[in-house]
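All chains, full assembly: derive it from the sequences and hints.
Going left to right, the sequence shown walks through residues 1 to 263 as the working numbering numbers them.
No lab work stands behind these hints: they were computed from the structure.
All values derive from a computational prediction rather than experimental measurement.
Worth double-checking, as some hints may not be accurate.
Claimed, not checked - Computed beta-carbon distance windows for the label pairs:
id, residue 1, residue 2, range
1, G121, L67, 33 to 43 Å
2, L178, L201, 29 to 39 Å
3, L53, Q131, 38 to 48 Å
4, V190, P101, 53 to 63 Å
5, Q258, Q4, 31 to 41 Å
Don't be surprised by glycine CBs; every beta carbon is placed ideally from N, CA and C.
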Amino acid sequence: MIDQLHQLPLLLGGAIVCLIFVVPTLIGSALLQPVVSRLLRGERDANTVVGLLLNAFSLYYGVLLALLSIAVFENYNKAQDAVGREGSSAVALYNIFSGYPEPARTSLSETLLKYVDEETGPGWAFQQGNQVSTPGMRLVDRLSRELLGFRPDRATGEDLLHGEALRAFAEFIEQRRLRVQAAGTSIPRVIWTVVMVGAALNVFTLWLFDLKRTTHFILGGVLMAFIGLVVYMVAVLDRPFHGAHGLRPDDLIQARQQMQPRA
Numbered sequence: 001m002i003d004q005l006h007q008l009p010l011l012l013g014g015a016i017v018c019l020i021f022v023v024p025t026l027i028g029s030a031l032l033q034p035v036v037s038r039l040l041r042g043e044r045d046a047n048t049v050v051g052l053l054l055n056a057f058s059l060y061y062g063v064l065l066a067l068l069s070i071a072v073f074e075n076y077n078k079a080q081d082a083v084g085r086e087g088s089s090a091v092a093l094y095n096i097f098s099g100y101p102e103p104a105r106t107s108l109s110e111t112l113l114k115y116v117d118e119e120t121g122p123g124w125a126f127q128q129g130n131q132v133s134t135p136g137m138r139l140v141d142r143l144s145r146e147l148l149g150f151r152p153d154r155a156t157g158e159d160l161l162h163g164e165a166l167r168a169f170a171e172f173i174e175q176r177r178l179r180v181q182a183a184g185t186s187i188p189r190v191i192w193t194v195v196m197v198g199a200a201l202n203v204f205t206l207w208l209f210d211l212k213r214t215t216h217f218i219l220g221g222v223l224m225a226f227i228g229l230v231v232y233m234v235a236v237l238d239r240p241f242h243g244a245h246g247l248r249p250d251d252l253i254q255a256r257q258q259m260q261p262r263a
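In structure tokens:
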């Protein structure tokens, strides 16, 4: 269900999630609210007591949603930044390869270009599915073997260039790891459970009020529509590479264009 919502347009997905929250609330207001409100019948000024409970509960629940929203937004920005940093490190590595003698220069450069083509093409589908591209891994391994197998000539200063290439390659590997790792970060199920239970408790507390049915419809509909929008936003940002609204390899594509235009 969540995967299908990720594929929908933003407005349509948000509307569906809001309906999932609002419709059961309105049905419950019509069928269950009269029964629930009887629990406090006979209590003096019951609405005041329920109002205090709702204020305290809404405060903690609102803080939970706020912290959750901030956390997923930060993870989304980190994922976006990881893609850009990997692209920058790939460009830096390619520029260093241009100083190598032949045939190492052509071999290293072509392997790096093939890697970027893979990760911006078929490999990105693996990234969206929280998986690692096997061809991409093989190209990285090949690049590592070629670098470690190169024997620099100290007389011409190739050892200094090779040392810089190894440092740049280590940075490239680290940025690649961060990008791949960013796809697997998600909110634990226990937190999602707390969010859903908290939404249900919000509705139950509203039903304790002794109000007109129309008032319950308005209050419950507005509250649950807003909670539904927040939950949808969190769900979309929680998986930064997934679905129609996921991150795209634009930074890697720009890096590829800087390295060498495609034939």
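Evaluated hints:
1. G121 to L67: 33 to 43 Å: holds (37 Å)
2. L178 to L201: 29 to 39 Å: Distance hint for L178, L201 holds at roughly 38 Å.
3. L53 to Q131: 38 to 48 Å: About 46 Å separates the Cβ atoms of L53 and Q131, which means 38 to 48 Å holds.
4. V190 to P101: 53 to 63 Å: holds (57 Å)
5. Q258 to Q4: 31 to 41 Å: For Q258 and Q4 the Cβ distance comes to about 37 Å; the hint holds.
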